[in-house]
Amino acid sequence: MGFRLMIVDDSSSMRSIVKRTVEMSGFDVEQFFEADNGKTALEILDNEWVDVILSDLNMPVMDGEAFLAALKENPMFSEIPVVVVTTEGRNEKLQQLRNLGAAAFVKKPFKPEVIRDTLVRALGLDSLDGLGEDDGDDMDF
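If you read the sequence shown in numbering that gives the first Met the number 0, its first letter stands for residue 0, the second for the next number, and so on.
The hints are simulated quantities; they were obtained by calculation from the structure and are not laboratory data. Any given hint could turn out to be false.
As the list claims (entries may be wrong) - Keeping only pairs whose Cα atoms sit at most 25 Å apart, straight-line, the calculated SDA-like set for lysine to any residue is:
1) Lys38 with Gly25
2) Lys107 with Val60
3) Lys107 with Arg120
4) Lys71 with Phe104
5) Lys38 with Met23
6) Lys18 with Asp125
7) Lys38 with Ile16
8) Lys38 with Thr86
9) Lys106 with Gly25
10) Lys106 with Glu87
11) Lys107 with Asp27
12) Lys71 with Gly25
13) Lys71 with Lys110
14) Lys110 with Met13
15) Lys106 with Asn46
16) Lys107 with Phe31
17) Lys107 with Arg3
18) Lys92 with Asp125
19) Lys107 with Asn46
Starting from the given sequences, assemble the full structure and let the hints guide the process.
So, in C-alpha cells, the structure goes:
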C-alpha cells in the first residue's frame, strides 16, 4: 500500500532532498505532492487527499505555523498528520507547534531512517513491515 505524501517547503532544492530521502528510506509512497508555502498546500488539498504532510516552518506567504493552524481549523484536513522538518529545537516552540497539530518533528540535518521512522509513527503504523528496504543508512541530509 503506497502513501500519498505532501512536502511543503519554499526551497525547491530542500523539497527535492526530502523527496529523495523519503524514497531512499524505503517508505512506500504512491504519489508525492509539493507546495512552496502553506497557502499553495491548502489549495492542493482542496483537490487532492494526502496521508501525511512534511512541512518546513519558515516560508513566505503562509508559514508553517499558520499552515498548521489552518489545517487544525478545517475538519477536512485536521486529521492529516503533519511532520515538521526544522532546525528549531526550543522546547517551548515545539510544544506550541504540537498544540497547533504537529504530529512529530524531524530535526535538520536528518538521516533517511529518521524520516522513515517518524513517518511510520506519525501514521500510527505498527511496524516497518512492507515499507521497503532502507538503503540510505550512511547518508545525512
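Open item on the list: Does Gly25 sit within 25 Å of Lys106, going by the straight-line distance between their CA atoms?
Closed with: Holds. Lys106 to Gly25 sits at ~19 Å (cutoff 25 Å).
Task: Holds or violated: Lys107 to Arg3, with C-alpha atoms at most 25 Å apart - done: Roughly 23 Å between the alpha carbons, so the hint for Lys107 and Arg3 holds.
Open item on the list: For Lys107 and Asp27, compute the direct alpha-carbon distance and say whether it is at most 25 Å.
Closed with: holds, 22 Å
Task: Given hint Ile16 paired with Lys38 - CA-CA distance at most 25 Å - done: holds, 21 Å
Open item on the list: Please verify whether Lys38 and Met23 have alpha carbons no more than 25 Å apart.
Closed with: violated, 28 Å
Task: Hint consistency between Lys107 and Val60 [alpha-carbon to alpha-carbon, up to 25 Å] - done: holds, 22 Å
Task: Given pair status - Lys110, Lys71, alpha carbons within 25 Å - done: This hinted pair is violated, its Cα atoms lying about 28 Å apart.
Open item on the list: For Lys38 and Gly25, compute the direct alpha-carbon distance and say whether it is at most 25 Å.
Closed with: violated, 29 Å
Task: 25 Å limit on alpha-carbon distance, applied to hinted pair Lys107 and Asn46 - done: Violated. Lys107 to Asn46 sits at ~30 Å, over the 25 Å cutoff.
Task: Given hint Met13 paired with Lys110 - CA-CA distance at most 25 Å - done: holds, 14 Å
- [ ] Could you grab the alpha-carbon distance between Lys92 and Asp125 and see if it respects the 25 Å cut-off?
- [x] violated, 29 Å
- [ ] Take a quick look at whether Lys38 and Thr86 sit within 25 Å of each other, Cα to Cα.
- [x] holds, 22 Å
Checked against the numbered hints listed earlier, the structure breaks hints 1, 5, 12, 13, 15, 18 and 19; every other hint is satisfied.
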